[in-house]
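Given the coordinates of chain D, work out where chain X should sit on it, guided by the hints.
Protein sequences, first through last, are from chains D and X. The numbering used here numbers the first residue of the first sequence as 66 and each following residue consecutively. The numbering used here numbers the first residue of the second sequence as 47 and each following residue consecutively.
I should point out that these hints are in silico values taken from the structure, not numbers from a laboratory. Note that CB positions come from ideal geometry on N, CA and C, so glycine has one too. You may find that some hints are simply not true.
[Stated by the list, open to error] One-sided and incomplete, this derived list gives chain X residues near chain D with beta-carbon spacing under 8 Å:
id	residue
1	89
2	128
3	129
[Claimed, not checked] Coverage of chain X stretches by chain D, computed from C-beta distances (three or more under 8 Å per stretch; other residues unrestricted):
id	segment
4	56–64
5	72–83
6	91–101
7	106–116
8	130–139
[Stated by the list, open to error] Simulated crosslink set (DMTMM-like; lysine to aspartate or glutamate; CA at most 25 Å straight-line):
id	chain 1	residue 1	chain 2	residue 2
9	D	520	X	95
10	D	509	D	523
11	D	509	D	170
12	D	471	D	414
13	D	155	D	402
14	D	158	D	110
15	D	158	X	84
16	D	509	D	336
17	D	447	D	364
18	D	158	D	414
19	D	326	D	356
20	D	155	X	68
21	D	471	D	415
22	D	447	X	84
23	D	447	D	458
24	D	158	D	170
25	D	155	X	66
26	D	520	D	327
27	D	520	D	316
28	D	155	D	308
29	D	326	X	90
30	D	326	X	84
31	D	471	D	110
32	D	447	X	90
33	D	158	X	68
34	D	520	D	308
35	D	447	X	95
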Amino acid sequence: METVADFLAALRRGTLSARAAVDLALQRIAAADPALQAFLAVRADEARAQAARIDEQRAQGQDVGPLAGLPFGVKDVICERDHECTCCSKILKGYRPPYNATVIERLRAAGAIPIGRLNMDEFAMGSSTEHSAFQQTRNPWDTTCIPGGSSGGSAAAVAARMVPMTLGSDTGGSIRQPAALCGVTGLKPTYGRVSRYGLVAYASSLDQIGPLALSAEDVALVLPHLAGHDPQDTTSAALPVPDYCAGLSGDIRGLRVGVPKEYFVAGLDPEVRHAVQAAIARLSALGARVEEVSLPHTEYAIATYYVVATAEASSNLARYDGIHYGARAADTRNLLEVYTHTRRQFFGDEVIRRIMLGTYVLSAGYYDAYYLKALQVRTLIKRDFDAAFENVDVLVTPTSPTPAFKLGARTADPLQMYLADIFTVSVNLAGIPGLSIPCGFSEKGLPIGLQLLAKPFDEATLLKVGHAYQCATDYHTRRPANCTDLFDEETKE
Amino acid sequence: MISHTDIAYLARLSRLAMSDADLAVFMPQLQQILAYIEQLRALDTTGIEPTAHVLPLRNVTRADDVGASLPQAAALQSAPQVGDGFFCVPAVIE
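Chain D extracted, bound-state conformation (with noise of 0.2 Å):
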């Protein structure tokens, strides 16, 4: 019992009430978040009382919704009413918001049960979760090692099979990179599939909700009732939401397979390309036609992301004055002091660097150099994919250059700490859709991530390479060591 489709499938059948699959959950998450540190927060009570409802209505026959009774976690970016939502900074300190996200109502009237707050680099910014203010989360599969970020506890909490399915964001990698550094599968939906309202603003033209969950199966289960067209949210596509598991065959006979030459690079590690190339070695065999194409401004995607994010992150976060919610500094002279004082005090370093930097790319004189160079360049990167798309169905890359580094390993270096997202960053500034599922382990153990990536709105070819690659091999459905033991006594009772 760990897959949304074993939830799901139990709680149709009856065998497990809602209530039985919050205890698990809540059972689940006691055992294993000591020592990993995923949740900021566990609403046991809330969530029981939630489930209590929904086996009540289900026992009276009422319809009680497709996803009655799962069991998720929520990246703390997301808002949920009179819940707490700090985006781990101490600067939005006992923020709790009016109003819920979209997301979480269409989730909520599905019937799934909101059961926590998962950790996350301070505003999204990050790679590693170790620039959260609160606590640090540590990887399932090595606790030395970082989870990956900025949904670092999206990705553990479901690697650990604490919950079946997590609410992650993603801007320039934060859902596929952590998934694949802790072993599980994220999607990082086309920009407009799912409505943004009620996600913290970072980086508005790339910032994208999506689930992790460990499998491809699960993501298709759950992705309709975050997809779709949603008036508080001007960017979300007004097109029709497919049923995902319909594709889901196993079947890729004739499909074509675009492997872009120029994200296998000096840089990328060896066991990670090792992996990824025995992968697409892999579709082949499933009867995919694997081909090398070219995205030429590959190289330029760091520079061009961390130029575009930052400067939409210096207008976004200076709505943190010290006013309207959160944290104030105390002992303040005047208006302004309140204003610079607070934003000092409560932002965390990584934060004043991205606002320093955005708001230097779009000062005056620097603009045209920095600024609207960047976005020439990311109409250059989104040609590319266009240009592939013609040719191929899917590209296929490996997700991060590296598995999860030791935790401390790049807090000293902000640009090295950047670089890990050089396979990730692209995707947001082309809009397309992303899904990281495991593809193998390194000689230490840790989960290696294969990248798939589609034409806007094709989540559901994602879904069926996806979901046919992990029909054929077994690496989504390893547990870390110290969860095994867990699941062992459970067996046993």
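For chain X alone, kept in the frame of chain D given last:
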């Protein structure tokens, strides 16, 4: 290359009270990141349209209907200081 004067100005624009010691830490980091970003200059982008967002959207509007808005108490519930239904700040005029 970004100077001490530049970065002090940036701190002011960003509404961040940065000490000289702070600036000494951040300056080399920003210099290093900006040096990396400089590589974009090598690319000829003459005549390339900028992409600010990827969607084929312009001016999304909705019907001009009156709807419910956030109750005042809800809007104020997370503010650090409120009084008589207002956000409170230090005196603006000295």
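Cross-check of the supplied hints:
1. 89: Cβ of residue 89 of chain X sits 6 Å from chain D, so the hint holds.
2. 128: Interface hint status for residue 128 of chain X: violated (10 Å vs cutoff 8 Å).
3. 129: Not OK, violated: residue 129 of chain X not within 8 Å of chain D, min 13 Å.
4. 56–64: With 8 residues closer than 8 Å to chain D, the segment 56–64 of chain X meets the three-residue bar; holds.
5. 72–83: holds (count 8)
6. 91–101: holds (count 9)
7. 106–116: With 3 residues closer than 8 Å to chain D, the segment 106–116 of chain X meets the three-residue bar; holds.
8. 130–139: Coverage by chain D holds for the segment 130–139 of chain X (5 residues, Cβ < 8 Å).
9. D:520 / X:95: holds (21 Å)
10. D:509 / D:523: violated (35 Å)
11. D:509 / D:170: With a Cα-Cα distance of about 41 Å, the restraint between residue 509 of chain D and residue 170 of chain D is violated, given a limit of 25 Å.
12. D:471 / D:414: Since the Cα atoms of residue 471 of chain D and residue 414 of chain D sit roughly 20 Å apart, the hinted pair holds (cutoff 25 Å).
13. D:155 / D:402: holds (17 Å)
14. D:158 / D:110: holds (22 Å)
15. D:158 / X:84: violated (37 Å)
16. D:509 / D:336: With a Cα-Cα distance of about 10 Å, the restraint between residue 509 of chain D and residue 336 of chain D holds, given a limit of 25 Å.
17. D:447 / D:364: holds (13 Å)
18. D:158 / D:414: holds (17 Å)
19. D:326 / D:356: holds (10 Å)
20. D:155 / X:68: holds (19 Å)
21. D:471 / D:415: This hinted pair holds, its Cα atoms lying about 19 Å apart.
22. D:447 / X:84: The hint holds at about 20 Å.
23. D:447 / D:458: With Cα atoms ~16 Å apart, residue 447 of chain D and residue 458 of chain D stay inside 25 Å; holds.
24. D:158 / D:170: holds (23 Å)
25. D:155 / X:66: With a Cα-Cα distance of about 23 Å, the restraint between residue 155 of chain D and residue 66 of chain X holds, given a limit of 25 Å.
26. D:520 / D:327: With Cα atoms ~19 Å apart, residue 520 of chain D and residue 327 of chain D stay inside 25 Å; holds.
27. D:520 / D:316: holds (19 Å)
28. D:155 / D:308: With Cα atoms ~41 Å apart, residue 155 of chain D and residue 308 of chain D exceed 25 Å; violated.
29. D:326 / X:90: Between residue 326 of chain D and residue 90 of chain X the Cα gap is close to 22 Å, so the pair holds against 25 Å.
30. D:326 / X:84: holds (24 Å)
31. D:471 / D:110: Answer violated: residue 471 of chain D to residue 110 of chain D is near 36 Å, above 25 Å.
32. D:447 / X:90: Judged against 25 Å, a Cα distance of about 16 Å means the pair holds.
33. D:158 / X:68: holds (23 Å)
34. D:520 / D:308: holds (17 Å)
35. D:447 / X:95: holds (12 Å)
In this structure, the hints that do not hold are numbers 2, 3, 10, 11, 15, 28 and 31, in rising order.
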